[in-house]
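Given chain D, put chain Y in place with the hints provided.
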Amino acid sequence: MSCREIVELATGYLEGTMPAGERERFDAHLTGCPGCREYLAQMRETVRLTGQLREEDLAPAAREALVAAFRSWRERPAT
Amino acid sequence: MPDGPPGPAATTVSDDVAVLARLRAGDEAAFAELIDRYNAALLRTAQTFVHDRAVAEDVVQEAWIGLLESLDRFEGRASLKTWIFRILINCARARLRKEGRTVPFSSLFEEEESDEPAVPGRRFFPGWFPRVGGHWREPPQPWEGSPEEQALSAETRSCIERAVAGLPAVQRGVITLRDVEGLPAEEVCNLLDLSDTNQRVLLHRARSKVRRALEEHFREAGGR
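In order, the protein sequence lines correspond to chains D and Y.
With numbering that gives the first Met the number 0 applied, the first sequence corresponds to residues 0 to 78, in that order.
With numbering that gives the first Met the number 0 applied, the second sequence corresponds to residues 0 to 223, in that order.
Hints are computed from structural coordinates only; laboratory data are not their basis.
Just so you know, not all the hints are guaranteed correct.
Facing chain Y, according to a computed beta carbon distance under 10 Å, are these residues of chain D, among others [unchecked claim]: (1) 4; (2) 6; (3) 10; (4) 49; (5) 52; (6) 61; (7) 65; (8) 66; (9) 74.
C-beta atoms are modelled at their ideal positions from N, C-alpha and C, and glycine is treated no differently.
In isolation and in its complexed conformation, chain D is listed as follows (with noise of 0.2 Å):
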């Protein structure tokens, strides 16, 4: 396995959806190869940091329309 396809093969490897002797050979090569280990950390961190993009606010008035939605909701005649 060459560096070039351990980084097309990383997200199937992160995944666990890597058929058991291709991992061996993944996993065989990483332990070879600084870069490639590098690699595969980058891409756990990529994983990671994006799992922390949590959500810019909505504007005040947007938010207001819909929390006065659900109060029409709340106060609906019951069915």
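Below, chain Y alone, put in the same frame as chain D:
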């Protein structure tokens, strides 16, 4: 509404039960919390289907109303989170139908089909090179300024936001649901109507591009 996806719920069931109980009891704060928590992710997901920002905002509004209207029917077979995204996606699909644009999602995927490598080829030795062919010529450098467990700085955050915003629509949808929202792969396949393989390919492309953006970002930050 179609059946919810099978498999375990991503969030704890007791959280969902508590939130639902508060919503059904008319607790305004519970609804406001949901809005704060999900609105931007819903908008990002809506834009996977409808490209116009104003239309997407409209679809998200419809989804919130749809959620209230179906609150009494929610049975808890999927997680609350999956259910919210399911309503959103149904609203987005309905909007596309209304506009006469019944583009199947799979054809959107085809449009994005391109074989861009995760890392530019110039960073590897060419295949014919003796011994080191296909191996790193320019290996990735450790990221300065991204110590593990450190919270996201404003600059890093906006770097990721820009990278995600710049992705093709379906890749953006997949990475939003998988990595921002943390939904399991099988739920995302179900929600976006993708095969396992396509989901993984899209996720791979999306993550690879975000990694490249971060690499640039940390290179600049580290060079101070």
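Tell me the hint numbers this structure goes against, listed in increasing order.
Violated hints: none at all, because every hint is consistent with the structure.
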